[in-house]
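*Asks:* For reference, the chains in residue letters:
There are 2 protein chains.
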Amino acid sequence: MRLSKYFLPTLRENPADAEVVSHKLMMRAGMIRKVAAGIYDYLPMGLIVIRKVENIIRKYMNEAGAIEVLMPAVVPAELWKESGRWNVYGKELLRFKDRHDRDFCMGPTHEEVVTDIVRNEVKSYKDLPINLYQIQTKFRDEVRPRFGLMRGREFIMKDAYSFDTTDEGAEKSYRDMRDAYCKIFKACGLKYKVVEADSGAIGGNFSHEFMVTAETGEDFVISCDSCDYAANIEKAPVIDVWQEEDEPLKSVERVETKNMKTVTDVANYLGVPEKKVVKTMILRAGNDDIIAVMIRGDHELNMAKIKNFLNVPYVEFATPEEILKSTNGPLGYSGPIGINVKIFADNALKGMKNYVVGGNEKDIHLLNVNHGRDFSIVAFSDFINAKPGNTCPKCGGKYVITKGIEVGHIFKLGTKYSKSMKAIYLDKDGKQQYIVMGCYGIGVGRTAAAAIEQNHDEKGIIWPIQMAPFEVAILPLNDDNEDVVNLAETLYIKLQKKGVEVILDDRKERAGVKFNDAELVGYPIRVNIGKKTLENGEVEIIIRKTGEKISCKKDDALSKILEIREKLYNED
Amino acid sequence: MRLSKYFLPTLRENPADAEVVSHKLMMRAGMIRKVAAGIYDYLPMGLIVIRKVENIIRKYMNEAGAIEVLMPAVVPAELWKESGRWNVYGKELLRFKDRHDRDFCMGPTHEEVVTDIVRNEVKSYKDLPINLYQIQTKFRDEVRPRFGLMRGREFIMKDAYSFDTTDEGAEKSYRDMRDAYCKIFKACGLKYKVVEADSGAIGGNFSHEFMVTAETGEDFVISCDSCDYAANIEKAPVIDVWQEEDEPLKSVERVETKNMKTVTDVANYLGVPEKKVVKTMILRAGNDDIIAVMIRGDHELNMAKIKNFLNVPYVEFATPEEILKSTNGPLGYSGPIGINVKIFADNALKGMKNYVVGGNEKDIHLLNVNHGRDFSIVAFSDFINAKPGNTCPKCGGKYVITKGIEVGHIFKLGTKYSKSMKAIYLDKDGKQQYIVMGCYGIGVGRTAAAAIEQNHDEKGIIWPIQMAPFEVAILPLNDDNEDVVNLAETLYIKLQKKGVEVILDDRKERAGVKFNDAELVGYPIRVNIGKKTLENGEVEIIIRKTGEKISCKKDDALSKILEIREKLYNED
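So the sequence lines, in the order shown, correspond to chains A and B. When we follow our numbering, the leftmost residue of the first sequence carries the number 10, and every step to the right adds one. When we follow our numbering, the leftmost residue of the second sequence carries the number 10, and every step to the right adds one.
Keep in mind that the hints were calculated from the coordinates and are not lab data. Don't take every hint at face value.
Repeated chains share a single entry, so a pair holds when one copy, or any two copies, can fit it.
What the hints assert, rightly or not - Once the Cα atoms are required to be at most 35 Å apart in a straight line, the calculated DSBU-like pairs of lysine-lysine come out as:
hint	residue 1	residue 2
1	288	576
2	576	61
3	14	90
4	132	43
5	569	284
6	181	440
7	181	259
8	316	563
9	541	334
10	412	284
11	195	507
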């Protein structure tokens, strides 16, 4: 491709609304443009990267025996009503009516549609297993779309759905997909972790996430320092045993804690450790159940664990009105004494004595509170986020924490959808059985964004060669010098003939502009052809990833470039 | 691909709601499934065909210098309001609100979005020309979606937009696209015509349609029997010179024409030729203008010509209420005398005398009516459909009529969108100028459907090899015979190694089932491997298109298949 005939509108400045690195760099490198909140144009170079990711995904999905289909983006409400998700799914499901006033939605995920295909076409155990996948533009009406392609509303996703006769079959399909995903992210040239995950709104038995590791990631991954255990923070259990505190029970005292906003403030003021200040959170679980959950002051609440423990579709913080109604007190001063809701507590509270709680009254805390004596706890469980240093449930090692970006998620669904939508097959004995399902997603744009979060420097993107829009950029640095221009043209054509994806920066621009754009866009290999070095018969080859500069006789340039390219593809 | 591991749910019966051949056959051949009216799943074989068409399009678009991008499916209303189309476009534009109550639509076409990109990124004449295209899933909320992929609501389209500094430049871009389209449809292995067309709702200066010819097509194409002129029926001019009738004017007579429903009825009853019975059509042009248009009884009204003549966004038949209001008479008896609307007439009326018109009264016609004397005509123009035998405007030859399916449409838009959306560039003198645009669409699914309309028989589809889901099908006819199975496997692997797209029907099915499915799906080349012929060391190769059966020594099968494949690709 000749850059003079291409469309690469790079920007010098970071766009004001771009918060994360990948968003900034995709905008600046002319890969995407914003059309509305969370809705983007893919400009030419951005689209090439997207297509490369898609093709890598396609290759390994096909290799794993999955079959590509394409389902519609606009989905009739009937199917979602059958599965029961029409009423459960929140506002992220964009619902609308067509001209005949029939209900439709933009499919954010396609369990219903694919289950409908399979229940109509699959009759017998002989037709199974089957795994259908698609690569499709989806829509989720996120409340706060941001971070560019990282959390868009309209986004490209690969979603696959497996259908098996048995649970064991479904687990094999799940493992096959897990293996295929590992191959996919490796083939993208990315460093990643497979972590245990919560199965969230999709439902089902168990799930794993694929996390691209990056300092700038927004997800926390808990892993073990001595074995291969890894889970996301929503999932990673805290199994450290609680300690029975050995102190006599004291009498409850009411103290004023004026202007003490935080646990730290209260602890310092009262002269107790933070962990002795117990937080009481008032939550709404499911549609209308208000509950209280108590955790230690130095711990973080984990909503996913509460949701799973209660087996409800969602858990949210109660509103100030709901808090007032159930505790008689304001937000920020909730405590367990005298409230009329069920109280749950984190395991860490089990052995605690004489702790501090909110007084359900502005500026008031209570000291020396004890469960059992002063109030009742319905149940103890693990309701907090894991921390570095916590004990690994698998080997007893210690947790460490790293950051990552979720790019893939696989779920064993079981019969959740096949039961509600009556997807059945006849077994060998002619008996009707529910099909056992799994589903498997990869965010295509998110993978491209994650690659940038993992691979960039202050100058721009450092594409893994597998995902780069072009493998090689040729920069003739002196447009007025015939030798420079001729060599650039010759090399360009020779590389093309060798099947190399090469871009020739033939724009009438200064060398500095060409350098900056090349580094911003992040071509893995750059060839500088300048008048001065060419007087010695040399060109300069620069490897973006290492910064290495290689001076090279012009006649050796082609073979040297091919050699570097080969090497980059084979590096881990 | 092994069919036993694939997903090909063929149907024996035609689905009840399928009216046209391509719809029936795509359903029966397991290519598509209906999800809702006008909304389909693409099953694996259907998707392969779609992707083949897309890749052919992509190849020739890139070759013509167009650059691929991808714009969003969900488009903010603001852009459509800027262009003025938000209020003009009918209910086909699916409008909805997001969770924050902001207006959006599903983009049925992307002039606004692409113009927004270009006005933001293009500053100077140096950045032009540019041609951006995308292959995208679009949505048009058709009132009566039908005919499968032929007129769906959700559909895949290639849309391209060219941006030039001058009108001449825009015309060159237009010609380049025209040439690219010819290459595309040729490369799809289709017979097609390029015809002059009306530019319709998209607006702009001129346009051409690409029609795949087919007996079953729903569009009428007018072409010349002696030159290359071709136009669609909306556009083809009728230039036959009118004749001054040489007869004295007679007096108007009022006659009762009870139960005479049609022009033919009235003509027979009154004993005059049909062409002497003049129809007066009451129409609504634009928002509220009621007009009358008169045409000869043996002619057909052409709404597009009226719309263009009046330069209004649309023309519709008036309602019975509107007819009553403007003529004082009922629907079916309108005439020009005594009505209070502007009257236009087709050129053919110019020299007519003493003709029959409606009496604006039930069961009443008027005889011996003459314009000029009895009423006034505001203007004469060409308001009728061309017919076979009309004179070609280019060479004086005669029109013939054929049927076709519109698969592509190209428009020179001029500055319609660049003016309303302020897409400007700075010319060489630093002066602001409007960018001159063109737009170019191909219906991807429609092209696949049109290929079937053009190429099928009573047994099923006859794919042009360029679009076929698989080039070769191997049918082992006796699953229990080791020689048959081994030869099928060997040939399958050898063909794959040669890069042939081959499917092996390794299902445990009777030969008849395999034959029927193969003919239904329409693989261009089929290899029957049966016990009996194999005893003589032979296999049978069948060419779907010609029905030709070739007996062939098993060791020659590979080279024979490759030879036939080569030949099929090179046939016109």
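*Asks:* If a hint holds in the structure, say so; if it does not, say that too.
*Replies:* Going down the list of hints, with the structure as the test:
{"no.": "1", "hint": "288 x 576", "verdict": "neither (55 Å within a copy, 79 Å between copies)"}
{"no.": "2", "hint": "576 x 61", "verdict": "both (19 Å within a copy, 33 Å between copies)"}
{"no.": "3", "hint": "14 x 90", "verdict": "between (50 Å within a copy, 32 Å between copies)"}
{"no.": "4", "hint": "132 x 43", "verdict": "between (46 Å within a copy, 19 Å between copies)"}
{"no.": "5", "hint": "569 x 284", "verdict": "neither (62 Å within a copy, 82 Å between copies)"}
{"no.": "6", "hint": "181 x 440", "verdict": "within (23 Å within a copy, 67 Å between copies)"}
{"no.": "7", "hint": "181 x 259", "verdict": "neither (56 Å within a copy, 92 Å between copies)"}
{"no.": "8", "hint": "316 x 563", "verdict": "neither (65 Å within a copy, 65 Å between copies)"}
{"no.": "9", "hint": "541 x 334", "verdict": "neither (80 Å within a copy, 86 Å between copies)"}
{"no.": "10", "hint": "412 x 284", "verdict": "within (26 Å within a copy, 82 Å between copies)"}
{"no.": "11", "hint": "195 x 507", "verdict": "both (25 Å within a copy, 29 Å between copies)"}
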